[in-house]
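Here the protein sequences come in this chain order: A and B. Convert by adding 17 to the 1-based position in the first sequence; the result is the number in our numbering. Convert by adding 6 to the 1-based position in the second sequence; the result is the number in our numbering.
Hints in this document: simulated from the structure, not taken from any laboratory. Honestly, I wouldn't trust all of these hints.
So, partial list: chain A residues that the calculated Cβ filter (under 10 Å) puts toward chain B [what the hints assert, rightly or not]:
1) I25
2) R28
3) T30
4) K32
5) A33
6) L38
7) E60
Note that beta-carbon positions come from the ideal geometry of N, C-alpha and C, so glycine has one too.
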Amino acid sequence: MDARDVIISPRITEKAMAGALTQQYSFVVHPHATKTQIRHAIEEIFKVNVIKINTVNVGGKKRNFARSAKRTSGKQSDWKKAIVTLKAGQKIELGGVNYFEQ
Amino acid sequence: MHPLSSTVQKLGPTEVELQIRLSQEEISSAEERAFKKLSRNAKVPGFRPGKLPRKIFEQQYGTSIINSRAMEEVVPDAYRRAIREHNLEPVERPQMELVPAEDGNPVTIKAKVSVRPTISLGEYRGLATPAEPQAISDQEVERSLRALAHERATLVPVDRPAKVGDYVVVDYVGSIDGVPFDGGKAEGQTTELSEDRFIPGFARGITGMSSGQSKDVHAHFPPDYSKQELADKKAIFAVTLHEVKEVELPPIDDEFAKAVSGSESVWALKDDIRRRLAAVARSKARKALGDQIMDKLLETHEFALPTAMVDREIESMLGDARSFAGRMGVGWDDYLNSIHKTEAELRADFRPDAEKRVKGTLLIEAIGKAENIHATPADVAAELQSLAEQYGQPSDRIRQALGNNVLSLMDGIVRSKTMDWLIEQSEVGAATSAPVE
Chain A
18 MDARDVIISP RITEKAMAGA LTQQYSFVVH PHATKTQIRH AIEEIFKVNV
68 IKINTVNVGG KKRNFARSAK RTSGKQSDWK KAIVTLKAGQ KIELGGVNYF
118 EQ
Chain B
7 MHPLSSTVQK LGPTEVELQI RLSQEEISSA EERAFKKLSR NAKVPGFRPG
57 KLPRKIFEQQ YGTSIINSRA MEEVVPDAYR RAIREHNLEP VERPQMELVP
107 AEDGNPVTIK AKVSVRPTIS LGEYRGLATP AEPQAISDQE VERSLRALAH
157 ERATLVPVDR PAKVGDYVVV DYVGSIDGVP FDGGKAEGQT TELSEDRFIP
207 GFARGITGMS SGQSKDVHAH FPPDYSKQEL ADKKAIFAVT LHEVKEVELP
257 PIDDEFAKAV SGSESVWALK DDIRRRLAAV ARSKARKALG DQIMDKLLET
307 HEFALPTAMV DREIESMLGD ARSFAGRMGV GWDDYLNSIH KTEAELRADF
357 RPDAEKRVKG TLLIEAIGKA ENIHATPADV AAELQSLAEQ YGQPSDRIRQ
407 ALGNNVLSLM DGIVRSKTMD WLIEQSEVGA ATSAPVE
């Protein structure tokens, strides 16, 4: 798998930004990606050293649609979150903007 | 707050240009406040409202919105402070222009504004002498009494030829060159027979007729008659007189006095009338005195008038004329046609008067300031009360409706108090017949 297929996008949320203070950066990754794949991908794309990776599979939320007569229900896609801890002193910037820092 | 430096440049006697430099800290602190406010309404997934970091906000919405919001706060504030710093009295909203920072120069505001001219007040005390109060003559009282009697007159049918002053019941059909015209017809109309109530010739033609008689009356529409198609036409009215009624005045006695005003006797009524006439005369004299003072003031003072104020006055006069036309049921264009003027000409006509009014207002305000005349809360309350009575609303409501206009209400109070003060000064000056220093 190509590095850019493994890493789907950075997660830019309050919680993710809080993690950046302790060298932990959060990404949305391919649901089938392994920690090893993620490590290689991150190191390749951002030229940093990864110390630790935590992953978690996030189940998509159930959604009900009540539209005229027909009531259907569905589910948002499942996805995988990876929290990458970088070597001290390193950081990740995207297009010159460090999204993860306040 | 940071001191901000501003400079004033006089463009004319009543116009200045302010250059206000804004410090960087001031702008950035205002931007921070603006951002805090904006972020509360910003919706970005992953962040609670108000918790959005500035960097993300700028990525999403751009920096210009923060900047412009900050300027909205900073600019009026800076303008107000500059006005205070230089002790200017603007008479209108300024024209502002923002000059962005460049080459180390901070952001600058250029504001052009009309200011109150500096007025060097000349003598304004005891400018006019009040006229000797005129005693109310017996004839005047009699005349009002007669007018009162006329209001309560009764009509009594009489059997004699009609004469001027009688009331007559008539049918008439008017025609011009044998053709009846619109509005020239009436049946059983009761009307007072007086020459100035009808077109010339009509009333004169009816005088002398007895009831039951019919006659052709020749009358001539005046050339300036309001209906153009009838103006300057000779008309013949076929008139039938049904009844002649004489005006019978009630006897002026104690009973009459009671009915008219609830007074005890004719004497009391006369006294009452005399008092009322005297009051009217007094207020008239007071007003005349005020006008005299005003004229003198206008004559003896000369200063440049802010064009903005004059223009505003002209606009308000035009507005008055417009609503006047509206009340008459005439369209604005028709009204302009009827006085043979274009709007621009009318504007030019209003100018001298508008200038006079503005000058008067400025003078009065300057005098009020010099004499330390203020509108006290009690004055405002009294004014609100009278407005409340005028509109039949509680004064709290009026206060609310006025909002910021209370300030101009207060200005008005100061003006009328100053005018009163000037009039009093004249009266006092005349009483002691020595110039008041």
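Practice task
Mind checking the CB of A:T30 against every CB in chain B and telling me if the closest is under 10 Å?
Solution key: 3 Å, holds
Problem - Interface hint for A:A33, Cβ within 10 Å of any Cβ on chain B - result: 7 Å, holds
Practice task
Please verify that hint: A:R28, Cβ, nearest Cβ of chain B, below 10 Å or not.
Solution key: Holds: closest Cβ of chain B sits about 7 Å from A:R28, inside 10 Å.
Exercise for the section: Using 10 Å as the Cβ threshold, decide whether A:I25 counts as touching chain B. Expected result: At 15 Å from the nearest chain B Cβ, A:I25 fails the 10 Å test, so the hint is violated.
Problem - Hint status (Cβ of A:K32 to nearest Cβ of chain B, threshold 10 Å) - result: 8 Å, holds
Practice task
Could you check if A:L38 really has its C-beta closer than 10 Å to a C-beta on chain B?
Solution key: Not OK, violated: A:L38 not within 10 Å of chain B, min 12 Å.
Practice task
Tell me if A:E60 is really an interface residue toward chain B, meaning its C-beta lies closer than 10 Å to one of theirs.
Solution key: Because about 25 Å separates A:E60 from the closest Cβ in chain B, which is outside the 10 Å limit, the hint is violated.
When held up to the earlier numbered hints, the structure conflicts with 1, 6, 7 and fits the remainder.
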